[in-house]
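K.L.:
The chain contents come next:
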Amino acid sequence: MKTLLGLTVANLKGLTRDRAALFWTFLFPIMFVFLFGVLFSGSGDSKVTVGIVDQDGTATSAQVRAAFAQVPLLVLQDGTLDAETAAMKNGDISAVIVIPSGLEATVGSSKAGQKVSKAIELYTDPAQTQTQQVIQNVVSQVAGSFNLGLSGGSSVMTVEQKTLSSTNVSTVTYIVPSILAMALMQLGVFAAVPLVQQREKGILKRMGATPLQRWKLVGSNILLRLIVAVVDTVLILGVGMAVFNVQIVGNLALAAGFVFLGAGAFLSIGFMLASFLKTEEQASGVVQVVQMPLMFLSGIFFSFTFMPGFLQSIARFLPLTYLGDGLRQTMVNAPQVAPLALDAAVLAGWMVVCLAISARSFRWE
Amino acid sequence: MANSGDPVIRVSELKKCYGDIKAVDGISFEVARGEVFGMLGPNGAGKTTTIEVLEGLRGPDSGTVEVFGLDVCKHPGSIKQRIGVQLQSVSLYPRLTVTELLDLFGSFFKNRVPTKDLIDAVDLGERAKAYSMNLSGGQQQRLSIALALVNDPDLVFLDEPTTGLDPQARRSLWDLVKGLQAKGKSVMLTTHYMEEAAELCDRVAIMDHGHILEMGSVPELIGRRFKERAVYFDTLAKLPADRLGKLGGVTRAAVEDGQTVLYSKDVPDTIGGLLAMAEELGAEPQNLGIRQATLEDVFLDLTGRALRD
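Chains A and B, in that order, give the protein sequences.
Per our numbering: the first sequence = residues 1230 to 1594.
Per our numbering: the second sequence = residues 11 to 319.
Careful: at least some of the hints might be erroneous.
Said to hold, decoys possible - Straight-line distance between alpha carbons at most 25 Å, and here's what the computed BS3-like set of lysine-lysine pairs gives: (1) A:Lys1430 / B:Lys139; (2) A:Lys1231 / B:Lys126; (3) A:Lys1344 / A:Lys1445.
Note that these hints are calculated values from the structure, not bench results.
Just chain B, same shape as in the assembly:
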């Protein structure tokens, strides 16, 4: 039996191809018990393929993949009894009610949480008798999380749990995930929202083109690349980029989404220089601000492009 200190997930040199496309190209990582681990990356990065190999839905081409210390290829049955799965954009039997679906899925497992408790946990009490096809997007997503919890799993996989949800529904899902962590469950989730990863995950792996580019806690990832803080303002044509890059304290200048970002080791010096230059050129920078570097900056730095959905 696995020791409680052992990781719940251990992946080593996992590779998976679809024809000529290397969806996952030799990745390795571990997820500790009780940890919320996030995979961050754009569409097509290989996040879903990785998670589906872990769920036993597809076999790896090579590499070792263990869940609870068991090989996913050799023990899919006993692993499936103990994991909870929420797949990306799955609709369910359209004409079954919330209660009926939870009862049905519960019947597949040895270990089973009472349906009423699940409905309460995801706050679907008022919709318990509604057909799944009549639920809103957020309610469907909460239902699919409840379905992932029918067996009181030790490890929960959430594949883009908040994609397509409005900000309020997203917040309520975040609370659900935090609740899982508070109960000591291990969670592995994928997302392409930076703030989601920053909000929920103990550790994050940044994936692109089938590779893990960087892995660690969010502060670690930022600190590893950015000793600087960022000075930002709405981009002005009057301020030439080459001169901005030479301002005091600036290590690097970037433009993203109409904002100029100056990464600076000496913020007062940079702002002083910026304002002097603006006055000289007769310009006034709008929405001027200072912030820490974010995961977004890390991703931009790693891949040369912004992460957007």
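Chain A on its own, in the form it takes in the complex:
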């Protein structure tokens, strides 16, 4: 146990003393968080598409609709409740406003002196913090001025807040678990490089001439990467939460499980690559060639549904697709691409297969 820890510490020192490695392991994913954070947090300036469902169909409800239409920020899209909530789940629109039936009748009763009210239903996605705040403000302002013009301040029209999760690619919240998935993929796949380097330099061979058992050598590598995975997770979520106000609302135990499962699956891929690569230069190149398509075909940065069909079928084989999906579901309650159990099974499958191949093919010198 002491030897295992000693080796892990030695590897950790090697990593933290190598500025290039430090950059790629820790700083690069954080830069991604900032990049996407800044790119997508500007939604307050641009238009927000909102579904509007008029269930009343009266002059009064048309008046309310017209009031929303006058808000420069909003683009309205009319439809039925089912159609609009479905569109919101798909990420096509950011919120749904429902003008309830009986609004005109209630307004009439109010004019007659009764103390009655009717609620507008507003569906927003709590994961899209900024958009949610903007729309909530707009809707309560519209309701407020409607009430004011109607009867001098009595609250005839109220707002009932409802939540609905949506798939909206252009949000920091959605992107943070994706960046975490990317970081876990990279730390695993990139692990091939130091392994190949240690073999090329004869370090693995030199270790073989000591009584050190090989499983400890492998174990220390796994341990090192798991430590890096934990640090990366804390950094990425920390920056996302502190700077971009990302809310982690999911099941944390399950999320942690996916972090380790993902790190394990990609580390196995790294081991497998290290089994077939001979020189450090080769390894650095191949690792890039492997990680790039993984990053862009796995739907971690673009929603799956935007991809052409043949790319979607490729994406369905890639482990990063399932790690991203698992992390998004467990961290921010994003709608699923696949059931969680399938996500976990695919990752575990990749891990087992790659480990088996590595165990057969890995060369120590």
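Starting from the structure of chain A, add chain B where the hints point.
P.N.:
Structure of chain B alone, referenced to chain A:
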């Protein structure tokens, strides 16, 4: 338990092939306790393969290989606890310091020499906190010898310990090896430097193409082939080789590296004849000298070519 008179290494009919290449083709030798044993030969002779089989890094194709009386295939773990290994041209974790590397390697063994003692032994005190990648070639080599000594081994393997070092660094390594022998350690080393083998080794095996051509102490090896001494001078075109070979006392004439070497049973007769012939042809031999035959001569005689790196 092995008797103290038993050899620390016993190799019998060892064979090892890589594909079609017979790297080691049936060699046998023993190394006694406390002995410094050298394997001498050009690159590709099979020295490293032999030493790596002994270290438990590769399995033999056939033959028996015992270290401390234990079969290397059956007891690699307990053998590795008691041997020290320095591999040919190995770099270490580049960003660990000398002290950290020694501590790390020490943690692999039951028996452990304090890191400070090791650093003193190889004179790396001033570089104890330097990353291994920042050490000079000689310092790296001394570090890898210190790493071979972390477990206070009974038997130390040094594979070309001085290749690529400048003469001064080579001398300081020789002193280290002599220090090991003085402490009663057994040492097996490979080299392609004749003078290194002559300086350090109690016994030498000359290897070429996977075979041991000759084995014994350096004086034995020379004496076995050369009763003569060598008269040498810078080769002169004016002196025809056929006439040189017929000078008095000369048994054999050879040319190596611009020098003519006459192996002679009667040195005064040979030199007299040489000078007379030179005067007759109007030539003057430069850098004329006499020496004993060396390992170099033995190797040349055995293989027909000089041993150079």
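K.L.:
Work down the list of hints and note, for each, if the structure agrees.
P.N.:
Hint check results:
no. : hint                  : result
1   : A:Lys1430 / B:Lys139  : 22 Å, holds
2   : A:Lys1231 / B:Lys126  : 20 Å, holds
3   : A:Lys1344 / A:Lys1445 : 76 Å, violated
Of the hints listed earlier, the one the structure fails to meet is number 3.
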